[in-house]
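Colleague: Given these sequences and hints, build the entire structure.
Protein chains in written order, with my numbering: chain A, 21 to 368; chain B, 21 to 368; chain C, 21 to 368; chain D, 21 to 368.
Incorrect hints may appear among the rest.
When the alpha-carbon atoms are kept at most 30 Å apart in a straight line, the in silico DSBU-like pairs for lysine-lysine are as follows [unchecked claim]:
hint	chain 1	residue 1	chain 2	residue 2
1	C	Lys56	C	Lys23
2	C	Lys228	B	Lys186
3	C	Lys56	C	Lys208
4	D	Lys144	C	Lys56
5	D	Lys56	C	Lys228
6	C	Lys23	C	Lys144
7	A	Lys186	D	Lys228
8	C	Lys228	D	Lys228
9	D	Lys159	C	Lys208
10	D	Lys228	C	Lys208
11	D	Lys228	D	Lys56
Here are a few chain C residues that face chain A, going by a calculated C-beta distance under 7 Å [as the list claims (entries may be wrong)]:
hint	residue
12	Arg39
13	Gln43
14	Pro45
15	Glu105
16	Ile364
17	Pro365
18	Pro368
If you are wondering where the hints come from, they were derived from the structure by calculation, not from laboratory data.
In this text the structure is predicted, and so the values were computed from the model without any measurement.
Glycine is no exception: its CB is placed at the ideal position from the N, C-alpha and C atoms.
There are 4 protein chains.
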Amino acid sequence: MIKVGIVGGTGYTGVELLRLLAQHPQVQLRAITSRKEAGMPVADMFPSLRGRVELAFSEPQQAPLTECDVVFFATPHGVAMAQAEELLAAGVKIIDLAADFRLQDTGSFEHWYGMAHSCPQVLKEAVYGLPEINRAHIKAARVIGNPGCYPTTVQLGLLPLIENGKKLIDTQHLIADAKSGVSGAGRKAEIGTLFSEASDNFKAYGVKGHRHHPEIVQELRQVAGHDDIGLTFVPHLVPMIRGMLTTLYARILPAARDTDFQQLFANRYANEPFVDVMPAGSLPDTRSVRAANTLRIAVHRPQGGEQLVILVVQDNLVKGAAGQAVQNMNLMFGLEETLGLTQIPVLP
Amino acid sequence: MIKVGIVGGTGYTGVELLRLLAQHPQVQLRAITSRKEAGMPVADMFPSLRGRVELAFSEPQQAPLTECDVVFFATPHGVAMAQAEELLAAGVKIIDLAADFRLQDTGSFEHWYGMAHSCPQVLKEAVYGLPEINRAHIKAARVIGNPGCYPTTVQLGLLPLIENGKKLIDTQHLIADAKSGVSGAGRKAEIGTLFSEASDNFKAYGVKGHRHHPEIVQELRQVAGHDDIGLTFVPHLVPMIRGMLTTLYARILPAARDTDFQQLFANRYANEPFVDVMPAGSLPDTRSVRAANTLRIAVHRPQGGEQLVILVVQDNLVKGAAGQAVQNMNLMFGLEETLGLTQIPVLP
Amino acid sequence: MIKVGIVGGTGYTGVELLRLLAQHPQVQLRAITSRKEAGMPVADMFPSLRGRVELAFSEPQQAPLTECDVVFFATPHGVAMAQAEELLAAGVKIIDLAADFRLQDTGSFEHWYGMAHSCPQVLKEAVYGLPEINRAHIKAARVIGNPGCYPTTVQLGLLPLIENGKKLIDTQHLIADAKSGVSGAGRKAEIGTLFSEASDNFKAYGVKGHRHHPEIVQELRQVAGHDDIGLTFVPHLVPMIRGMLTTLYARILPAARDTDFQQLFANRYANEPFVDVMPAGSLPDTRSVRAANTLRIAVHRPQGGEQLVILVVQDNLVKGAAGQAVQNMNLMFGLEETLGLTQIPVLP
Amino acid sequence: MIKVGIVGGTGYTGVELLRLLAQHPQVQLRAITSRKEAGMPVADMFPSLRGRVELAFSEPQQAPLTECDVVFFATPHGVAMAQAEELLAAGVKIIDLAADFRLQDTGSFEHWYGMAHSCPQVLKEAVYGLPEINRAHIKAARVIGNPGCYPTTVQLGLLPLIENGKKLIDTQHLIADAKSGVSGAGRKAEIGTLFSEASDNFKAYGVKGHRHHPEIVQELRQVAGHDDIGLTFVPHLVPMIRGMLTTLYARILPAARDTDFQQLFANRYANEPFVDVMPAGSLPDTRSVRAANTLRIAVHRPQGGEQLVILVVQDNLVKGAAGQAVQNMNLMFGLEETLGLTQIPVLP
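Modeller: Structural data, given as structure tokens:
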């Protein structure tokens, strides 16, 4: 059994981690911390866990984190990097669901997250936890920067198009028009995400610049093997709890007009347990992955023209956060990659 | 033109007052205050008012409230009573949408609202602003305690049954099972009313005791002319923005079994412009009054038995708050009661 | 492995059965029928099942139902009774999620469902499948009438109060104010349950009379051991997909004023794996059981008065339909009662 | 007073027309037809109109349509063109909210709408009813093809960029990523738009081709004065009742890099009563126009790069349908353009 600790379990990624880990056959939950709620049984805050999770929140300092095999950070940005070295020294692996170990460029991190990076040496060894791209490195990693929700959809939606050099699409003018459920904004008391503000309403946000933009571009460059990546990224807020759909627009290069893009995607993901390339013409909806770790992709080429339209859906809290983190844990500990992640989506 | 001031315009009753008053043909908006947002144009906070309301929020101390004819308080409880005497002295009328002038028993006020009542002398002259019961007094009033949203539905739903003594129903065992949209909780940054908490969810709250309970009982006793009123009141939170439906259960007394209750209600409200007694068998839905000042009632007697079931719907922000306040203003200033309140409900 | 057939798999209880059964460790799905969709792979209609359910819908006549160990009917009322005898003759057990085997009085069935009962002899041996009341009979049954969603909440919410004779509450004036998510109306093309009709809206329905009323009364009488049951039942439609909350009102008899009702409920359900009696003062919300087979109960006695308020929540598609059916199957086949039903609720 | 008839009043554009026209100071409602509901008072179907609209639905043949000054068609495609000639001959003006008089190319109409065009001679004189482009022609028109909802947002969002020739943006690679509330699908009994299907869900549709695509391209070509218009149009379904947001992507031509696009839009729409160009950096939400005839635009240029992002919001039932139709009526009859259309948006 893998002994697991969670730092910061009062948010949506925290409770989702608890839901998944409490059902994982190889996991023993050892500690969950919350400075503010120390002493409160987890199931008092989240009655969905009554009878299933016996733990109470504990003070971060008093939690037996160093006795764990792995610690998940479901915290605001900046917490994981403050505790990483001590945990690593104790032999504990780390999976950070915040951004501390995503951006390799500490200057960029400071710019977008408004704080200096406090342990660049750990950052250097950290592995970006997108299994479909980095599986081998993840297996050997001690520290995982778990991808952001938007970046997961954009990368997996573009991966087959860009990993083979510059031959297929114009990589300088990519567009990602992304739509997320409100849970992506977290469980924070804020007016903007109140029911009476966000319900029966729709809007774009972060058009000037969003923290996930540099993360996406960094990884697309890595995969593409060149720096000619230009991306316009516009996120939108959908009045639903869970779910994310990203509509990707990429222009096909003249020399690639005869490519069978459907087949290209199908081949690339044929062996991926959590990526579903749907049949040609499909229109994936977010509920088709609700509460499950699956990401579905549909490839469209309207009127056979030069514009590709790639539709990608996932549950932002699962494949976009907690599920992907558990997938990474499975890889790091040599378990079956799908262990504890085989829930069928909840529909309707 | 009536010169109007609003104290506390950043909440949902505030913006709803602005929507109604900005379209009212006899109103001139003179001031709207907010300590926190002083200086910000109202339309920057609520873009729905762009081009329609030119005012900016002003500091409470600097707002020309004493130059107004009437001031609406769309504030937390306790604010109106602190400013009432000064305004009255300047000849300004007051309509308080909070609870400061609803409960005549200051002990009860202290118990339920956790603060002493600071101006019982003004309270004494205050009139409870439910026009269908108190129209004459409202016309002559200087201070109005605008009813709570739940109390409006319960009172108008029971009024015809109790105002004629104890002959029709058992008044000691009344049940009001009430359901409100989330906007009733106000525009406050709180976790419980976040979209991801309140959406796709339903619950009861305040079962132990709710502030509207003493208000309802006080008024029912007043109307009934006796104190034998027993009420079980259970409010629930519905995942919708606006709207309130209250299901009332009352047992018919043996001697009243032959009463035509449909006719009783129809007669009682025949001349009320904002109360619609629907045909027998109707099932009113909240959207049928969305954004309008109408309250609809349907009278049911399942299987012709001894239990009456009264269904009452209103928009909690209109007839349950801002619309009723404007209705009161119309009465206080001798205007047509429906002036500025003839919007047709928005459906769908 | 238990060989399972499903008749009528295109509705919400059908797809929910598929979700649960496809994850059940002792079940082998053998057939799923739909006259209209014969030939279509199930996962084409419900992409949530892609990669998890390989079956296609088959013509009812051609499906190998008689080779199954058990057949679930997720059909409109009237279908199960037409096929029951043939299946029983072939040694197949039957679990009907419609109403064919719920009402023992065929006259009442005809009155409420508008059709004659075509196999009263099977009806006679049918067992009402509420395990918390009928566990022993269910284990021995060949035919199960799976309870309606509303009846499940009302019965389990009143059971501890009535099963010990007439000593605790006034059973002649029970009130059940019930609220259901829209999926309870089924997956039928109807205007009344369109998103634009049911969203941001709330209403009561079936006030004159609802098919679940006779079912509830029949079972309450059975449990109480007498016929003095009077029930006013008012269902409401909540703008959410899944979930049901029933607010029950019962008057405590004078002689029972000193009863510890919290303890009464806690004791009654202490060994029930799917009934959770919450701590005193709890306010259960429907999302706390979303997509799980748990039913939660909270016992309230406002101001220590004579009125009991019992709050009951369940997922109408799980404990209210498909989950309860699987629970019954487990009992009928001697399996662990919770097998395949241990999913943790999905929150948020 | 203008005598008005409505053909087909049982859908969402029909009831929205009724809401607006019943409050219009210069309109007298004379007839509203529905073959299916003939005889039923309109307010029985839409209780929001109780006490405000006295009309009953009448048989199309028996309705006094030829006595009207103008007839609105809120019908499926194909109905208006069948009745147009007779009405015109009787001196009645026509405003069709369906597609019969939008596409000048009857071949294109047949391709997209699956029926032959039955009166091309009337089509020839029909005017496309987008006042911000065609005001002069509308004033003189007898027949108006009221624009589709999506086309209204795309055209008004691109108009300032293309009407001055080819100098500003690459018109061959335009992208419109559009999102609509569910009411856009109409009030038809269909599974896909049931609450339990469309709520808490998000998807794209019509990616292969959507009927609004040829309409948009036709009009953009008209405005641009050339045919070099290439558009990728992807509509999405948002779980909200009303509202539409279209995100437009246009690449700035090298020679136009110094253009002040904010000013360009502000100038273009300075005198338009229903188009609001918001301040730079604004993020319009759909609720800011809920139930009102306003369309709001925000102009973005992320990181000052070469990609323009134009955000456009409207209420699909108002400026996207019924409101625009009334705006056209006002113009056709020489009334103030804003008459009866000054409702303030309903927020929250």
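Colleague: Evaluate each hint against the coordinates.
Modeller: Outcome of the hint check:
no.: 1; hint: C:Lys56 x C:Lys23; verdict: 24 Å, holds
no.: 2; hint: C:Lys228 x B:Lys186; verdict: 26 Å, holds
no.: 3; hint: C:Lys56 x C:Lys208; verdict: 13 Å, holds
no.: 4; hint: D:Lys144 x C:Lys56; verdict: 45 Å, violated
no.: 5; hint: D:Lys56 x C:Lys228; verdict: 27 Å, holds
no.: 6; hint: C:Lys23 x C:Lys144; verdict: 26 Å, holds
no.: 7; hint: A:Lys186 x D:Lys228; verdict: 26 Å, holds
no.: 8; hint: C:Lys228 x D:Lys228; verdict: 48 Å, violated
no.: 9; hint: D:Lys159 x C:Lys208; verdict: 45 Å, violated
no.: 10; hint: D:Lys228 x C:Lys208; verdict: 27 Å, holds
no.: 11; hint: D:Lys228 x D:Lys56; verdict: 34 Å, violated
no.: 12; hint: Arg39; verdict: 5 Å, holds
no.: 13; hint: Gln43; verdict: 6 Å, holds
no.: 14; hint: Pro45; verdict: 12 Å, violated
no.: 15; hint: Glu105; verdict: 33 Å, violated
no.: 16; hint: Ile364; verdict: 5 Å, holds
no.: 17; hint: Pro365; verdict: 4 Å, holds
no.: 18; hint: Pro368; verdict: 5 Å, holds
The structure fails hints 4, 8, 9, 11, 14 and 15 (numbered hints given earlier, in ascending order).
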